Amino acid sequence: MSTLLTIEQLSITLQDKSILSTLDLSLNEGDILGLVGASGCGKTTLLNAIAGFIKPSTGRIVIDDNLLNDGEHCLPAEQRQVGMIFQDYALFPHLTVKENIAFGLSKLSKADQLEQIDHLLTLLKLSDYRDSHIHQLSGGQQQRVAIARALAPKPKLLLLDEPFSNIDARLRNELMVEIRLLLKQFKTTAIFVTHNKDEVFTFADKMAVMAQGRLLQLDAPSIICQQPNSYQVADFLQLGSWLPCQINATSAQSLLGKVNLETSDSKRESLLYLLVKPSNLLLKVSTDANNHMNAQVEYISVTEQGNHYYLSSLDDSTDDESLAFSKLSVYSDIVLSLKQKVALTIRPHHYLFFDKPT
Amino acid sequence: MLRKSFISLFIALFFIAAFSAKANDIVNVYSYRQPFLVEPLFDKFTKQSGIKVNVVFAKKGMAERLAREGKYSPADILLTTDISRLIELRDKNLIQPVNSAVLSSAIPKQYQAQDNTWFALTTRVRNIYSAKRLGKIDLNYEDLADEKYKGRVCTRSGKHPYNVALVASMISEHGEAYTLDWLKKVKSNLARKPQGSDRGQVQAIHQKLCDISLGNSYYFGKMLKDEKQKVWADEVYINFPNQKNRGAHINISGVAMAKYAPNAKNAQALMEFLVSKPAQALYAKTNMEYPVREDVAVSELVASWGSYNADALALEEIAKNRTTALKLLDQAQFDL
Amino acid sequence: MIALYNNKIWKLVSYVTALVLIVPMLVMLLGGVSASTQLFLHLWQTVLPTYLENTLLLAFWVVLLALLFGVLSASIITQTNIVCKHQLRWLLLLPLAMPAYLVAYLYTDLFDYAGPVQRNLRTWFDWQSANEYWFFDIRTLPGAALMLALVLFPYIYMLTRGTFEQQDQNLIRASRLLGLTAKQSFFKVALPLARPAIAVSASLVLMETLADFATVQYFAVNTLTTAIYDTWLGYGDLGAANALASILMLLILFVVLAEQRSRTGLRHQSARPNLKRELIQLSFGQQILASLFCWSLVVFGFLLPIILLIIMAVQYSDITQLSALVSTGINSLKVSVFAATIAVFIALLLGLYQRLHADKYRHLPLQISGFGYAVPGTVLAMAMLSTLGPVDHWLNEAVEFLGFAAPGLMLSGSLFAVVFALVVRFSAIANGTIISGIKQIPQSLDYAPASLGVNLLGSLTKVHLPILKPTIMMAWLLVFVEAMKELPAVLLLRPFNFETLSSQVYQLISDEMLEQGALGAILIVLFGLLPIVLLNKHKEKV
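Sequence order for the protein chains is A, B and C. For the first sequence, position 259 (counting from the first letter as 1) is numbered 259 according to the working numbering, and the numbering increases by one without interruption. If you want the working numbering, it's the 1-based position in the second sequence plus 1000. If you want the working numbering, it's the 1-based position in the third sequence plus 2000.
Since the hints were derived computationally from the structure, they do not count as laboratory data. Here the structure is a predicted model, which is why all the values come from computation and not from measurement. Glycine residues also receive a C-beta, built at the ideal position from the N, C-alpha and C atoms. Among the hints, erroneous ones may be present.
[Stated by the list, open to error] Computed cross-link-like contacts, EDC-like style, restricted to lysine to aspartate or glutamate with a CA-CA straight-line distance of at most 16 Å:
(1) B/1185 <-> B/1143
(2) C/2360 <-> A/70
(3) B/1230 <-> C/2397
[Stated by the list, open to error] Chain C side only, calculated, beta carbon under 8 Å to chain A, not exhaustive:
(4) 2004
(5) 2048
(6) 2049
(7) 2438
(8) 2442
(9) 2444
(10) 2453
(11) 2455
(12) 2457
(13) 2467
(14) 2470
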């Protein structure tokens, strides 16, 4: 598989505000990349820069060996062969479904246009709506038209800006699967932006996490979930809760006890945060002497995976304020009541410690 | 690049020149007079001479337009309704003398410029209209300031050229101080603040809003001929003021040739036509004005108002006092 | 907002066009700077303070009355349950078709001492003279303000109603759930949200008022406009007149800019607003009052004047007038069609420039091109002569230099000057309409064509212009009607033998002889009705 998109040292400044800084990214042909990050992190700006709607201050964007941007040169959007599906679909209200899809096909002959349109209408189950106007369609149908229109000119790269945010939650998963299959069928390389990580798991081959104008991590979704490379990544993806630990040469001390570190790496004596997934916490209530009560229930909710609790450390458990925790997330079949004291222990696993960014 | 644009400029200018070829038999008139007043005359002129008359009419700003247009102005002739305009045109060097025996012999000396720059066509009196209910009265302009007419006088805006000319003649006769005082007293006699036209004042007398108003002579005739306005005119007498002393204030409508008149010959022909007997008779008959020629009779209706003594004050005097008159009107806050 | 294009030619044309439109005002300003102070001093010591006071009072009353008429009627129509709403909804727009000076004349005729109203009153009560009873005098400042407000309020009504109708009703529902009654919600939520629309339309009314000259002159209300005419035509001091006009223009601009600044950031827009409205239920008595209010605006602003005109036309018109009417009518149509087409074209050029181009100052061309609205017609005409005169001279000299005969005044002495003046004067209307239409287009539609490989030209012809079609038509018609009504600029700049409907009607009015021009006046009004009918049709379709 060859590289389709390469972005090097991309920086964007809008109205004296730095939106993206020295961002590098590359994407293989046929891959679907899910771009996640908190709102305002620059993901939509990145999309707009690739599409050619924004001129970057510095950096290069290359698609399929064509240079789209370097410091001065900037290829106009319409010459990039980059398609886009907009958050509001941006369908042309004065045109019919057919005319919308035909919009980017003016270079083809009439016959080829019709063939291409019919093909897409069938694929997207829109044949009955061929001559309808946009306002006569439901949200899901509009979404399909937007996709058909974007795919029609066979773009090298398809950009999707929060494409599923306006779709009913129940339909959303179904539609995502369908569209993913479609993109794969067309062998389309795509980048889609979302703030919902679950959409990435369903839709994407690769995942990129962005924060404050920087790319934090880019990898397969499963790998990022197992190996987040920073506190921000793990925190944004809500991979678990945070337990403050005092690190010594070979062990980490927390209010839940001491764990031994597998490798005594060079980490100095410092306060780090242990990423604890709910499955790695063991909860007990029986009052035998072995079980030291070290947490209490702060919040209770019921989920498909059992009861969900938020636990906090006990007020009098330690003198060291910095080790106190307030929101450890645990699932358990045991029924607990608010403020009930429990004993928590950590199952041995591959520990991930992170510095909390200030 | 430079050469290319030069050539295209040349071509453009050539086309401009080619498409603006001029018709020969025309004369262009800038008129302060309303078209329907002068059109019958022009029609007659065209029929006689074959020269087409183009008119553009405005009550305001014609002289200013002429000044802006400068030497490329298409205007040949200016028609005005007031002596001050003519003098202003001459002072701004916008008109030229016309040496025509026809003109100078037909028009009395006091009604043409010594330097032949302007010529009167008709004269009009600034009359005082009075309600018939007051009975016959004999008035001077000075009497408008009399306290017994408190709340009984109506007039159009003091700034209207006809009133400004009257005020200017008052200044010539009595001096600035007297005139200012007179204006203030007239103002305090007004039934309502100055507004409307000369006809509107007669309507106001008809409405019993006031008893006395100022108005030009020919309006009386025109109102009598109008279905609706006859009712108003029937309510008033037309009076010629100051008959026992200096005489009634006279203004003129006049004509002058534009300095850069492109059709000077046709223009002169039109000017001479306008003082011809038939034209003057038409002025008298349709417009109810006093023809400037002494050998052309006024209309029967106008004749029925009787003869009058005119103020012998030179028209140029009136024009000279115009700015002072305006300032006095402002000082008296006449229109407020 | 991120703009997409950087088309150099478009940029150049936009800036040049805006510059051309503002040159007459610059000429005026420059002329004003060199004015002598002597005449100023005289005016200031005598009449100017009163003129100024009248101007401010007039502006104040007109805007106040127009706001009262416009906002109240818009509120009643959109928020309450009165009967005949659908008819009133568009009937209330009709007064827009009436030129103010016409209404002023007709009402003076009607309510004067000799008019039918007072005459009948006298007969009924057996009064003998004006001293025996009190009757309002219409030819006063409040009278003039009322006349102007009666024909100008539809601007406010139209824009305010539009805003109310587009408001997201979830906002009203939210306020109801927070404990406010329907009425309180209206005053605390709906009305404040409509403020931008109200402010824009009020500033339109303000500018129309300050530029009016026919109505105030007919009513003998001396305003700053009077002072400008006096200094220019009476004292013959163009410099001082320019200075006064510049002051007036800057005053208006200041108001407009302050208003614009005050409402930046006040915007709520929902992608899919909920438009289902819950009406304020009025009691029977309230309904009658509300209906009466709306109907009297329709009657006094339109029905009564048009009936009076028709009566006059029937009584006084004869067939011979018709042929003259046709030629003046064609003249009116000609200038108005040219002016409307050019103004709309310019508005599109500059509006889309602002929307689509990456230029830090992209708002500038559109903004400055509308300044002419704030200049009274006669002053504008004067500025136009001062501007076009030199250009004409240069052209003539160039042609003569090449050895041809001088072509004469092609710009200042032709229809060009009239049309140019109308475009300068009414560009603001076209600009406002077009830009509000452009703002309705979602930003993503600017990007979509590019993402489909379509360039700027394709995007314009296939997306923006088709979507803007109704807006373009509206803007065209609004300018067309204003141009039909416009008077002073046409009066002074006319070429030879060129009479328009408005100039003819106005001349007859100033000789108290409207009867003769009643047919022409009716024609002006009928043309004025066109956009209203079409606007109504269009709105209903949507």
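Right, here's what the structure says about each hint:
1. B/1185 <-> B/1143: holds (10 Å)
2. C/2360 <-> A/70: It is violated: about 22 Å lies between the C-alpha atoms, which goes past 16 Å.
3. B/1230 <-> C/2397: violated (55 Å)
4. 2004: holds (6 Å)
5. 2048: violated (46 Å)
6. 2049: violated (47 Å)
7. 2438: violated (14 Å)
8. 2442: holds (6 Å)
9. 2444: At 4 Å from the nearest chain A Cβ, residue 2444 of chain C passes the 8 Å test, so the hint holds.
10. 2453: holds (5 Å)
11. 2455: holds (5 Å)
12. 2457: Not OK, violated: residue 2457 of chain C not within 8 Å of chain A, min 10 Å.
13. 2467: Residue 2467 of chain C check passes; min Cβ-Cβ to chain A is 5 Å, inside 8 Å.
14. 2470: With a closest approach of 10 Å, the residue 2470 of chain C hint is violated.
Violation of the numbered hints given earlier is confined to hints 2, 3, 5, 6, 7, 12, 14; the remaining hints are satisfied by the structure.
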